[in-house]
Amino acid sequence: MGTESAFLKNTWYVAAWSHEIAADTMLARTVTRVPLLLWRDHTGRVNALEDRCCHRAAPLSKGRREGDRIRCMYHGLLFDATGRCVEIPSQEFIPPAARVRAFPVVERFKWIWVWMGDPHKADPSLIPDTHYLNDPGWRGLPDYMHYDANYLLITDNLLDFSHLSYVHETTLGGSAKYAGIRPTVSRSARGVHVERWLIDEKPAPFLQKLKTWAGNVDRWNIYEVVLPGVLLMDSGSAPTGTGAPEGRRVDAAQFFSCQAVTPETERSSHYFFQQLHAFALDDPGVTASLAESVRAGFLEDQEIILAQQRVLDLDPDAPMLAMRMDTALASFRALLGKALADERAAGTTGGAGAPGAAGFAER
Amino acid sequence: MGTESAFLKNTWYVAAWSHEIAADTMLARTVTRVPLLLWRDHTGRVNALEDRCCHRAAPLSKGRREGDRIRCMYHGLLFDATGRCVEIPSQEFIPPAARVRAFPVVERFKWIWVWMGDPHKADPSLIPDTHYLNDPGWRGLPDYMHYDANYLLITDNLLDFSHLSYVHETTLGGSAKYAGIRPTVSRSARGVHVERWLIDEKPAPFLQKLKTWAGNVDRWNIYEVVLPGVLLMDSGSAPTGTGAPEGRRVDAAQFFSCQAVTPETERSSHYFFQQLHAFALDDPGVTASLAESVRAGFLEDQEIILAQQRVLDLDPDAPMLAMRMDTALASFRALLGKALADERAAGTTGGAGAPGAAGFAER
Amino acid sequence: MGTESAFLKNTWYVAAWSHEIAADTMLARTVTRVPLLLWRDHTGRVNALEDRCCHRAAPLSKGRREGDRIRCMYHGLLFDATGRCVEIPSQEFIPPAARVRAFPVVERFKWIWVWMGDPHKADPSLIPDTHYLNDPGWRGLPDYMHYDANYLLITDNLLDFSHLSYVHETTLGGSAKYAGIRPTVSRSARGVHVERWLIDEKPAPFLQKLKTWAGNVDRWNIYEVVLPGVLLMDSGSAPTGTGAPEGRRVDAAQFFSCQAVTPETERSSHYFFQQLHAFALDDPGVTASLAESVRAGFLEDQEIILAQQRVLDLDPDAPMLAMRMDTALASFRALLGKALADERAAGTTGGAGAPGAAGFAER
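Protein chains in written order, with the working numbering: chain A, 834 to 1196; chain B, 834 to 1196; chain C, 834 to 1196.
There's no promise every hint is true.
Heads up, the list lumps identical chains together, so a pair's fine if it works in one copy or across two of them.
Stated by the list, open to error - Here are the simulated DMTMM-like pairs of lysine to aspartate or glutamate, each with C-alpha atoms no more than 20 Å apart in a straight line:
#, residue 1, residue 2
1, Lys-1171, Glu-1099
2, Lys-1035, Asp-1084
3, Lys-1044, Glu-1176
4, Lys-842, Asp-1148
5, Lys-1010, Glu-925
6, Lys-954, Asp-1175
7, Lys-1010, Glu-899
8, Lys-1010, Glu-1125
9, Lys-842, Asp-1150
10, Lys-1010, Glu-1034
11, Lys-1171, Asp-1148
12, Lys-1010, Glu-920
13, Lys-943, Glu-853
14, Lys-842, Glu-1133
15, Lys-1010, Asp-956
16, Lys-1010, Asp-1148
Bear in mind the hints are in silico, worked out from the structure with no lab data behind them.
Working from the sequences, and respecting the hints, build out all of it.
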């Protein structure tokens, strides 16, 4: 229940922030238990190769950039950006099997997306819209956390915001009233949509540092979590009445949040996130305070999730009892379960990347 | 041989010292691989709940006391002292299955005893008599060690005092003469009784710091180790002749030791102990010296037991060769093996605690 | 592919350097997952006993030397140098099974060799010739590294020197030209023979610190790796022409290297090595510089091998693609595979050592 041993492969995962891959660096990052080498060629395009030489499994990330090629610095095999071996010391013949997998990559709005499955199915139009991440109408700071926990424990957390009242009582959340509200949950094509309104209440603790109103506010969290674990959220607060679902959001503090949970292994995860604000754009203090509040809140999440993981480790088969608040969570896990079953049934979750598999020009 | 993978459930385990559970604290402690939350209600009674919320397995020990109730601070479920869920945010209906196990608890003579199996079988009269722990006629200091080893390696140690001559040569033991003595071993209802006399010998090293005699002494160790791993020992030394089995123990240094070994997991254990003295009651220096000697000695035990565990880890199935000195140890392991087999055969080793399962008023 | 779960038993393993076993010490060292106690008796002979008491598996290395006997300091059993138990506290009768395995040991040229299999097959003539280690015509310093990696990843490394151009580009290796040369590989009785010549090239970086020549040199590496993992290598450089295969090695820098890889467990290894030089014998600076260069180079090996092990841990069954440069490596692995299969078929890989099994007088 708490963990899954297989990973969805035919899907886009966020593997890195754009700024993590400088022109001359090589980033090693494991995604779905596959070691990846992420690097930027001379055109600036990011490539993802399996970070395991086809010869003796040495990681290419310990190797050397030679222009747009990567040399394994164990025995000297040289690979081009498509993963094809182009040079083998002491032999002329290069067998066709001498290649490492190349994974389709799309760099879009500061995130590096990789496709871990069948490259022919890698359709960039499936990438969720995160344009907020570099929209001039929004401000925010990028952040990252590494988790020693299964990634589904993190998506569980994102799918049930009733935890705001308890885990984040003095930070992102507020009173128990928030947990008492039933969100509207619906299923989308590849995700779950959640909408939650808190009407006529004091602004949340973190918000009180950002903006002052004379009276109470209406607060909304409207978001989708799409497979494999990407949260896109419109949230905010506005004076009571103007904020309400049918309101015009006058004098609002409006936010957008992009978050991505990526499995590293069965027992560890990457967590990329950025909370953006659409008000006080000229006040870097607001941007900094928001980022600080979000990080503080996400450390609260991490503490309870790691504790949960340790409890599950004692008895991985311990039953969990579904509550009404789990509607979104259960819906997402069911969606994922079906996607995994479909993928297993189709039996086409990978294989050696075809030449040029990495070829999405977009950035 | 060296370890057992199943734990006896229908038995009382020592889970904590009374002083570890203050009025306003929550103690997390794992017993037989089950995470427990130990806490004291407003009447002072200690309760033990499974430290895993029935909802998403978050530990309740990360939660909040609300009077005599515990709120899970992940999603806000509230539990009463019997483990029954009494509040679920955003829903009125509380399903009967919404509960965490409550374990029978008895607080007696400074030890917190928990019953990990069928609560209906939890008979407090089965708890060994450790009244010495707070008898005004005795003095001693409570102590605890955590072990990264299977608990049976510790009970093995307690059941064969021939190790005193080697592990504790300069502390609790003394010459090899001690190891040369054959103890009298007999089986009791739920344990093994051991009696050992060393006649006309110099006082043990630790004892020389506590009391002076003109000549040699007779030394006795008379103890029982009862399931699952509780040692109760009458020991001491008195001038030769007065100490001997039939002696009157005149001018004796008399001790009583209460020790409890509790499995945390297959590979880790809790060890609670207190050595008490019945002489020099008004001399806190004697109490301190005794506690210090015992701890120093038990660290010697720990060093050899951890080394033994590491050797066993290399080959868990390595044979062990029984010696005559293993009579008590073998008897105890046989007793435990039979109790485990009986429990497996009966198939009634737990299940959700019935309401009020924790209800032993005694303290 | 990357690791093997069984170890060759009927073979000599290097377990220690002679200087690690002082007259009054006991060295604990695990070889092929068997804990060993190595110690030197009053005649100076080294003995190897299983470092696990036959009674309760306590390590004898935590015990006490009593002349040429070892007392287990858990419960006092006393063992002679053949592993026979000669004293059991509190009992007269010593059962024949009361013994720990003794392993054949040969101390030769500063290395302690142990035979982990059937003692009757332990033929000292099978020990490779490492007389260079204390030949007055050679100078070098002994060294050791512990590896958290399977031992075959280290022997792989030794069997393919094409890595010199990449792993050791600025230390032991040099230009990519070295990797481009095809070595001559042939199989010997219990090993693989490799010969490699680099003609008319600048001296290797480490060599430039040791000796100066007016022009280029010819460089040779002629070595054998014998089961289970012992490298014996004639290497060196001499002015171009005089160095070449048919040359007379005039004004040469000539080296001999003895290296032994010994499995500790499936996932950890011992690595013993000494590089010796036959020129500048009176210059301790050359000896020190050589030892320093070798250690620096071997740390480069360790870095890539540990990285390789971590990649393999993510997917132990990941395929490896054999290259021409793997001829020696593949040959060695095939030889080992056959030896392991033979051993399994014969089913005679150990058992309790016969009395006197340790009896090789040679030192």
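Does the structure break any of the earlier hints, and which numbers would those be? Hints 3, 8, 11, 14, 15, 16 not satisfied by this model.
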